[in-house]
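Using the sequences and the hints given, assemble the complete structure.
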Amino acid sequence: MKRLSRIKLGWGILPIVIFLVVWEIVARLNLAPGQFLFPPFSVVVVEFYHLTANGVLGDSFLSSLSRVLIGFCTGSLAGIGMGVLMGWKEIANKALNPIFSLLYPIPALGWLPLLMLWLGVNEALPITIIFICSFFPVLYNTITGVKNVDQGYVKTARALGASDRRILTTVVIPLALPNIFTGLRLEAGMAWRVIIAAEMVAIPTGIGALMMKAESLIRIDIIIVCLIVLAVMCLSFEKFFAYMEERLTRQWR
Amino acid sequence: MPSIEFRNICQYICNDVNLMVTDKELLVLLGHNGAGKTTLLNIVAGFIDYRGSVLLDGVPIDKIPANKRGIGYVSQNLDLFPHLTVADNVGYGLRASKQHTEPEVADRVNELLDMVRITHLAARYPRSLSGGEKQRVALARAIAPSPRVLLLDEPLSGLDTQTSKYLRVELRRIQHKLGITTMYVTHDLNEAEEVADRIAVIDKGRIEQVGRPEEVFFYPASRMVSDFVGTPNILDCAYCHNLGNGIVEVDCGGLPIIVPHDGNLVKRIALFPRDIYISDAPPPGPGVNRFVGRITSIKDTREGVRLEVKAGDNRLIAEVPHHIFEDMDLAVGKKVHLIMKLRRIRVYEDKNL
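If you read the sequences in order, they're chains A and B. With my numbering as the guide, the letters of the first sequence map in order to residues 1 to 253. With my numbering as the guide, the letters of the second sequence map in order to residues 1 to 353.
Treat the hints with care, as some may be off.
[Stated by the list, open to error] Distance condition first, Cα-Cα at most 30 Å in a straight line; then the derived DSBU-like pairs of lysine-lysine: (1) A:Lys147 / A:Lys89; (2) B:Lys267 / B:Lys335; (3) A:Lys147 / A:Lys94; (4) B:Lys68 / A:Lys89; (5) B:Lys310 / B:Lys267; (6) B:Lys63 / A:Lys89; (7) A:Lys155 / B:Lys24; (8) A:Lys155 / B:Lys98; (9) B:Lys204 / B:Lys24; (10) B:Lys177 / A:Lys155; (11) B:Lys341 / B:Lys165; (12) A:Lys155 / B:Lys204; (13) B:Lys68 / B:Lys98; (14) A:Lys94 / B:Lys63; (15) A:Lys147 / B:Lys98; (16) B:Lys310 / B:Lys341; (17) A:Lys239 / A:Lys147; (18) A:Lys155 / B:Lys165; (19) B:Lys68 / A:Lys147; (20) B:Lys63 / A:Lys147; (21) B:Lys98 / A:Lys89; (22) B:Lys63 / A:Lys155; (23) B:Lys299 / B:Lys341; (24) B:Lys68 / A:Lys155.
The hints are simulated quantities; they were obtained by calculation from the structure and are not laboratory data.
Below you can see the structure in the form of structure tokens.
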């Protein structure tokens, strides 16, 4: 069994290894046009080591990570809370849905100019952007999840003597979890994409800002290091929530 | 256990329903889909608004919310919580009441799982259970908080015939053991006859007849009830001559018919139209339960051709499949031979004699 999973893992990594080897060869043999714009993979690895050793990458990464974590956690929690309320109480849905329907289509980065003027350029700015970016999709997935819970379960729980609150916490929210996790999974990666864009445009620190600085110095290797870090983080966040969803709902789904 | 009383209940489909379910009784609500059976259960459970009054043991419960009525409810879909194990499903109502400690809940859950004979399934999730097992879990869950009355909405509808038959017996056993007043909804006459103390036939939101199963069958109060039970030929029996070995000869409108009995006086017999065989030539075999009649009318229906045949003083309805009718050259006024199958004749005996 273990051997089988090792083989499967090997097959997953093989295309990446081939890709890196081809990249190295193409760059080393100057096969690509504008060769100084295309450093070999080994140069990128060395630069990764330098950036890690001198702490530049670590600082930028931690800046971006803390913004994503704070913005994503608060945005998701607010989205789940509001989504449960709107999915469970029709009156709340009727009152708030028209407002959220208007705000939802605005891309998270669209808020940037307004927030720069309202909040100024400080830590609150990227965190608020991530909050907005996380809030809406989690909100709508949660509403869908709560509304989709079969009313038969609710009726049965009520007949068994459960209060509304108990029904909500022991039946409705657990059954809405798959939908809630879909929202979280999609937005966990999106939060990274948005923070990089925000840092590139408006914030002087973080991975996005490091990329912009590298661009002005024509340091392609640093840009690629940043992109790899970004790709790994997007993937890790998405996989984390996929894992959590699997763990929490696998037994009964 | 309390009685359930409906007083002048009106609700969308239901039209001035008055009904009494007595203490410890299992009353079956029998009717077609959309007749209002489930609506009556929902009214007792407090799931829907209505006009009129529902009384449990003489006390109106109309103002009491559903979660405080103390009702055990099993829906048609069973609605087992998919995210909880069998044991947690059964313990749900006990935990919701907040009147039991965890060890008490565990003891009661074990007791109930044992009662419905699924102790070995305690740690399983509903998705891995068979239809029959799910039904048992739903029943155990409904009776776990010791409800005042039990409402079962077509609980066996999703099961195969064999499992359904077996579980009817089980259900009856448990209901007797607990002595819990129960309302049971079904549209299946056989199911109703097997489980019911009394049957209430309901149509278009009105109670058409309430009575013991044999009363509903042999003394249908209306055309609707008669049609619902299969429009049987019902014949009054004038005398009853015991032939021994569990059979008697009765006289029904001049026809000497041999029927099975339980030792009591046979008052009426019933035979479905499809169980009277028609032949245009004298049938072979002994002359028992074979008669001659004359066709008085012919009616084509979806199930088959229905012939009204005058035999003795009786007008009997017999049903012939379309293809056989076409082969037989039958017409109004024509003489035919009737064969009544002994095993298919149902008898109503006067048990007071």
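Status of the hints after comparison with the structure:
no. : hint                : verdict
1   : A:Lys147 / A:Lys89  : holds, 10 Å
2   : B:Lys267 / B:Lys335 : holds, 29 Å
3   : A:Lys147 / A:Lys94  : holds, 13 Å
4   : B:Lys68 / A:Lys89   : holds, 21 Å
5   : B:Lys310 / B:Lys267 : holds, 21 Å
6   : B:Lys63 / A:Lys89   : holds, 22 Å
7   : A:Lys155 / B:Lys24  : holds, 25 Å
8   : A:Lys155 / B:Lys98  : holds, 19 Å
9   : B:Lys204 / B:Lys24  : holds, 27 Å
10  : B:Lys177 / A:Lys155 : holds, 27 Å
11  : B:Lys341 / B:Lys165 : holds, 24 Å
12  : A:Lys155 / B:Lys204 : holds, 25 Å
13  : B:Lys68 / B:Lys98   : holds, 13 Å
14  : A:Lys94 / B:Lys63   : holds, 28 Å
15  : A:Lys147 / B:Lys98  : holds, 27 Å
16  : B:Lys310 / B:Lys341 : holds, 18 Å
17  : A:Lys239 / A:Lys147 : holds, 26 Å
18  : A:Lys155 / B:Lys165 : holds, 27 Å
19  : B:Lys68 / A:Lys147  : holds, 24 Å
20  : B:Lys63 / A:Lys147  : holds, 27 Å
21  : B:Lys98 / A:Lys89   : holds, 25 Å
22  : B:Lys63 / A:Lys155  : holds, 17 Å
23  : B:Lys299 / B:Lys341 : holds, 23 Å
24  : B:Lys68 / A:Lys155  : holds, 13 Å
Comparing the model with each earlier hint shows no violations; every hint is respected.
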